[in-house]
Amino acid sequence: MKIVVCIKQVPDTKGGVKFNPDGTLDRAAMLTIMNPDDKAGLEAALRIKDQYDDVDVTVLTMGLPKAEEVLREAMAMGADHGILVTDRVLGGADTWATSTTIAGAIRNLEYDLIITGRQAIDGDTAQVGPQISEHLGIPVISYAEDIKIEGDSVIVKRQYEDRYHMVKAKMPCLITALSELNEPRYMTPGGIFDAYDAEITVWGRDNLKDVDDSNLGLKGSPTKIAKASDKVRKGAGEKVTLESDEAANYIMSKLLEKHIV
Amino acid sequence: MTKMNLEEYKGVFVYAQQVDNEISSIAFELLGKATELAGKLDTQVTAVLIGSDVKGLTDQLAEYGADRVIVVDDPELKDYRTEPYTHALASVINEYKPEIMLVGATAIGRDLGPRVSARVATGLTADCTVLEIGDFPINPIPGKEQKHNQLLMTRPAFGGNTIATIACPDNRPQMATVRAGVMQKIEPKKGAKAEVIEYNPGFTPNDKYVEILEIVKEVTDVVDIMDAKILVSGGRGVGSAENFKLLEDLAEAIGGTVSCSRAVVDNGWKPKELQVGQTGKTVRPQVYFAIGISGAIQHTAGMEESDIIIAINKDDTAPIFDVADYGIVGDLNKIVPLLTEQIKAAAKK
Chain A
8 MKIVVCIKQV
18 PDTKGGVKFN
28 PDGTLDRAAM
38 LTIMNPDDKA
48 GLEAALRIKD
58 QYDDVDVTVL
68 TMGLPKAEEV
78 LREAMAMGAD
88 HGILVTDRVL
98 GGADTWATST
108 TIAGAIRNLE
118 YDLIITGRQA
128 IDGDTAQVGP
138 QISEHLGIPV
148 ISYAEDIKIE
158 GDSVIVKRQY
168 EDRYHMVKAK
178 MPCLITALSE
188 LNEPRYMTPG
198 GIFDAYDAEI
208 TVWGRDNLKD
218 VDDSNLGLKG
228 SPTKIAKASD
238 KVRKGAGEKV
248 TLESDEAANY
258 IMSKLLEKHI
268 V
Chain B
8 MTKMNLEEYK
18 GVFVYAQQVD
28 NEISSIAFEL
38 LGKATELAGK
48 LDTQVTAVLI
58 GSDVKGLTDQ
68 LAEYGADRVI
78 VVDDPELKDY
88 RTEPYTHALA
98 SVINEYKPEI
108 MLVGATAIGR
118 DLGPRVSARV
128 ATGLTADCTV
138 LEIGDFPINP
148 IPGKEQKHNQ
158 LLMTRPAFGG
168 NTIATIACPD
178 NRPQMATVRA
188 GVMQKIEPKK
198 GAKAEVIEYN
208 PGFTPNDKYV
218 EILEIVKEVT
228 DVVDIMDAKI
238 LVSGGRGVGS
248 AENFKLLEDL
258 AEAIGGTVSC
268 SRAVVDNGWK
278 PKELQVGQTG
288 KTVRPQVYFA
298 IGISGAIQHT
308 AGMEESDIII
318 AINKDDTAPI
328 FDVADYGIVG
338 DLNKIVPLLT
348 EQIKAAAKK
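From first to last, the protein sequence lines are chains A and B. Position one of the first sequence corresponds to residue 8 (the working numbering), numbered consecutively onward. Position one of the second sequence corresponds to residue 8 (the working numbering), numbered consecutively onward.
The set of hints was computed from the structure by calculation and includes no laboratory data. Everything numeric in this text was worked out from a predicted model, so none of it was measured. Check each hint, because a few of them may be wrong.
[As the list claims (entries may be wrong)] Taking CB as the label site, the calculated pair distances span:
| id | chain 1 | residue 1 | chain 2 | residue 2 | range |
| --- | --- | --- | --- | --- | --- |
| 1 | A | Lys-246 | B | Ala-352 | 21 to 31 angstroms |
| 2 | B | Gly-198 | A | Lys-246 | 47 to 57 angstroms |
| 3 | B | Gly-246 | A | Val-209 | 48 to 58 angstroms |
Glycine is no exception: its CB is placed at the ideal position from the N, C-alpha and C atoms.
The task is simple: from the sequences and hints, build the whole structure.
Following this line, the structure appears as structure tokens:
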């Protein structure tokens, strides 16, 4: 069985955010981690590998050359192969152009199952997984909280706001993973050692199969950034430091003034 | 991307999500926004209703602002599954050509939206908080065409650290998903009727039609904090599950509902349904008490639209004070019970 896990190197949002002059993210200037939902997806794949014979796990990422780091981390956790899709012409892609690119890369591979994270913590869109599945013409099951293999099918616990569905899909299919799916394993020391030397496959534009140039990168992105900025918050109101009884009086007076009480 | 004839695309469409043949609140919220946008564009609001045996729901959509309802009714659409719903909505888009298509950023809409956008080959902006009609580029750029009457879609990114405004100038429809609780419903127009069009593109199951083995509803008796007019919200500073009693007493006295921050859920003091913030719910009550909540941006992203924010925190550098209308530096354990007593006393008068 062959599993492809799509992972993304994302800025650690705690580290602050920097922009290029064109309004896109300056990814090179920020600290990075493996996106948490993707890591849960990788862990799910590795658990299937632990459970069955002949499971082969390929991790694939699209990004700057530096995104190789996240592939090595995945391989140190137990993934078998790493593929980096990187090319200048792919830069500035929105979810449409990103999913087109990744689908073009996956068309070169044999796969039974594709796992992506539900969403990445930088964009928070949750779009790329379902869009890859659409480009490849396979079913998608989003928001997976549990994944089981049964013969040539997968059985997935699909989460909604107030319920879950147990859903069965014939492979090949794509699943988007929630962080709640599992607790990802740590890299092993041996794994780190091996991953350091492991060969990473690097693909560029020419390796993408059945993809038109007009669907790639900033130019191939139907959505355009009109403006981007640090969040402007509404200004602070009054701040007082008072003894407890005076503080209660103060709040009460405001509640009365605004006719809430 | 293929060049589209943009002039062919007209009208503001809303995906009228239903679950168990009951319209979701988000559908009415989107209709409210769609009514405003359609007014500016001098066009119609169309609701797209997809399901099995859902024809009876069209009047409700009319009351909340739909001029027209396109109903796709088929037994294959009984419960939400990505493929038949995608086929339904994408077929409606290809047939009726909307210029704007709004979808709720729900667990359904965040699956359906991207799949549909990929099928009809257009852009999709996720989790929008502001939708406006305007120019793109916003300011004229010499040598570049400035397009008018574009949908400008504003959304938070980076865990709420930034906001971006997105346009989709060369493709139609301009698609957006919108978070629940952000847009306002209109006052329902009793007895309003919409033009109803029944449309069925035909459903032939294939390998993309997944099989639903079981549906398990997770019933909670927890109230929906998104409907509350007053929220008494507690954070890590409350100290323990037991100490939430102080907040519950205040909520009862003032006629409010208790909610909480993520730290409280992580500590197991309160269920996830009560969580406000980026990974919880977006709320905009008339009054929001932030008690023992430091106010990380992930939290404030979910409550800063509240009309009045009252914060109590012992740390006078807590960022919650940057968004609070009234900030009180002090001990919540003393202030909250005193306030509860005062409110009770006032109620007796």
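Quick rundown of the hints versus the structure:
Separation of A/Lys-246 from B/Ala-352 is about 26 angstroms and conforms to the stated range, judged on CB atoms against 21 to 31 angstroms. In this structure the hint that B/Gly-198 and A/Lys-246 lie 47 to 57 angstroms apart at CB holds, the actual value being about 50 angstroms. The hint said 48 to 58 angstroms for the Cβ distance between B/Gly-246 and A/Val-209, and at roughly 52 angstroms that hint holds.
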